[in-house]
Amino acid sequence: MDYKGRAGSKGLGFGSFLLVVLFVLLAVLWFIPAPAIKWAIETYGSEHVGAKVDVEDVSFSWLSAGLAIEGLQVTDPSAPMENMLVIDRMAAELDVAQLLNKKLYFDELAIEGVGVGEVRAESGALSKHVSTLPEESSGFSLASLGLPSADELVAQEKAIYENKINAYKEKLAAKQRAIEEAITALPNEDALNGYKARIKKAKDSAKGPLGKFAALKDFKRIQKDIKKDVKKVREVQQLIKNTLADLRKDYELLKGLPNQSASEIVKSLGLEDSMVAGAGQTLLAGRFDAWVQQALGYYNVMAGGKDGLPGEASDIETNSPNTIKTTPDFLIKKVLLSGALRQGGREGEMSGEVTNLNEAPSLSPESTTVTLKAAGVAFGKLALNGIIDHRKVGEEEDTFTLSVSDSTLENYSLSEQSDMALILKKALLSTQVNASVNKLSMLDMAIDAGFSNIDLAVNSEGAGSSDSDVQQAIIEALKETKDIRLQGKATGPLDKLTLSLKSNLDDVLSNAVSKAVNNKVDALKGEVSKKLQDELAKQMAPLKEKLGKVAGLESQASDRKNAVEGLLSKL
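Residue numbers (my numbering): 1 to 571.
Mixed in with the good hints there might be a few duds.
[Said to hold, decoys possible] Distance windows between CB atoms, simulated:
id, residue 1, residue 2, range
1, ASP57, GLN432, 33 to 41 Å
2, GLU162, LYS241, 25 to 33 Å
3, GLU349, ASN385, 13 to 21 Å
4, GLU359, ALA457, 42 to 50 Å
5, ALA178, ASP534, 28 to 36 Å
6, ALA446, TYR44, 31 to 39 Å
7, SER436, LYS103, 27 to 35 Å
8, PHE330, SER405, 33 to 41 Å
[As the list claims (entries may be wrong)] Taking lysine-lysine and the BS3-like style, the derived pairs with C-alpha atoms no more than 25 Å apart in a straight line are:
id, residue 1, residue 2
9, LYS502, LYS489
10, LYS227, LYS200
11, LYS175, LYS164
Simulated from the structure, these hints should not be mistaken for lab results.
Heads up, the beta-carbon is just placed ideally off N, CA and C, and yes, glycines get one too.
Using the sequences and the accompanying hints, generate a full structural model.
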């Protein structure tokens, strides 16, 4: 047997195996960066955004250190069926020298083709990130325009009535006690019997000249005392008369409260003037809020968060506590923007750049700047400028300006009210936005937007309701509108913004529906008055009974007066 041949054969087989393994390893090392980069972008990007980040393809070349990413899609967390951002292609070359220093640097990154607000083929929601569904609109109804229900107004006024009635009860009870005490102090049966005894004694002693003279003096004293009591009785009678007049006057005022207060309530609400004063705000508030939230979404993607470590800790590498970190680990010196910019079915050609994009702004000598221009026939003209300055921790200051002119809108939803939707079948949009974010938390944004050459469609589901006359007046006014302007502000903490909005629709609708509004207000007054009368009647019946008891005290005083005056007449 040829042992030497067999040994040579084994050696050749093992060498071939090592060669294959080497080729496999080289192939893996050659091709593994692309899928690893794709995985990293999708995984960490999704975690940062809170919704799916998808990449269609990644290619990487060791020879040129070139990286290309195609079909990057960033889901809008608040609308999982939409992409907040789509980038058709990104290409860049790695700085190999910096890569050896464990730093990822690009001198230039080219982005070709960007889309915003594009529909996704499938939801990009993450299971652990539950998207917040928008609250269902309460609709464009009379209630939303400031006209409360009669029951609501009666409930508010009922408390006032109860206070007034309770005050009247207390007053009536106090007056009744005062009268009863005054009557108690008047001459009673014992006092009358005392007068009778004195008169009889005086008569019995009237014998002889001296007796008659003494009796006359007694009669005069008795007469004087009786007159004093008569005066007291008359004073009590006058007290009762005045008290009853006062109580009856207050009682009548209470009875008349429904008609009086119904008018005062409605007048105090200013419904005639303000019922539709905020109609434009009501219609456009949802769209304005959506604009603000969309802007914040883009800001979060563009500006990112803090360096990740508080204060000066960001200057120290976490994997090497003794090494001072003096430069960012990730840096794109310049991002060049070109190609198509797509939004809402419109497309324009863009050009722009983003400079000094890095993960550790506090270590960078310059702030990040954003410059973008785009133009297209339907797209109109767009200009965006921004400065993102996070170099000083705790003193971050970002500013942005955006202007859009002559951008054509088609079938654009301007409101999302449940029973009145405004659709811009066609319009030109021009807007100016100025925004600043301080300390990564405080927003100050002003939006001035105008829609011109409007072809407006109004879809209403309230034609058969009791409010159809007002609805119809509003619809007709809106259909005649050819220009809509709004000025909005969003200020305060990013997690608790205060929104304010003004629109020329307020005046348009106010003038258009004034007659219908006045009719509704008059009807409201009548309904409130009737409900208040019904409510008051329940409480006035006991008061009337108590007032009758007070009036009954007047007869007691009269009886005392007649009895005392009867004695006086006998003298």
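Hints, one by one, checked against the model:
1. In this structure, ASP57 and GLN432 meet the distance hint of 33 to 41 Å, their C-beta atoms being roughly 39 Å apart.
2. About 30 Å separates the C-beta atoms of GLU162 and LYS241, a value consistent with the hinted range of 25 to 33 Å.
3. Checking the proposed 13 to 21 Å range against GLU349 and ASN385 shows it holds: the Cβ atoms sit about 18 Å from each other.
4. Under the hint 42 to 50 Å, the C-beta atoms of GLU359 and ALA457, about 48 Å apart, fit the expected range.
5. Between ALA178 and ASP534 the beta carbon distance is about 33 Å. The supplied range of 28 to 36 Å therefore holds.
6. Range check, ALA446 to TYR44: about 35 Å between beta-carbon atoms, so the 31 to 39 Å window is met.
7. At roughly 32 Å, the beta-carbon separation of SER436 and LYS103 lies within the given 27 to 35 Å, and the hint holds.
8. Hint check: PHE330 to SER405, Cβ distance near 36 Å, so the stated range 33 to 41 Å holds.
9. The straight-line distance between the Cα atoms of LYS502 and LYS489 is roughly 9 Å, inside the 25 Å bound, and the hint therefore holds.
10. At most 25 Å may separate the alpha-carbon atoms for a hinted pair to count; LYS227 and LYS200 meet this at roughly 18 Å.
11. Distance restraint check for LYS175 and LYS164: the Cα-Cα separation of roughly 16 Å lies within the 25 Å cut-off, and the hinted pair is therefore satisfied.
Hint compliance for this structure: every hint is met.
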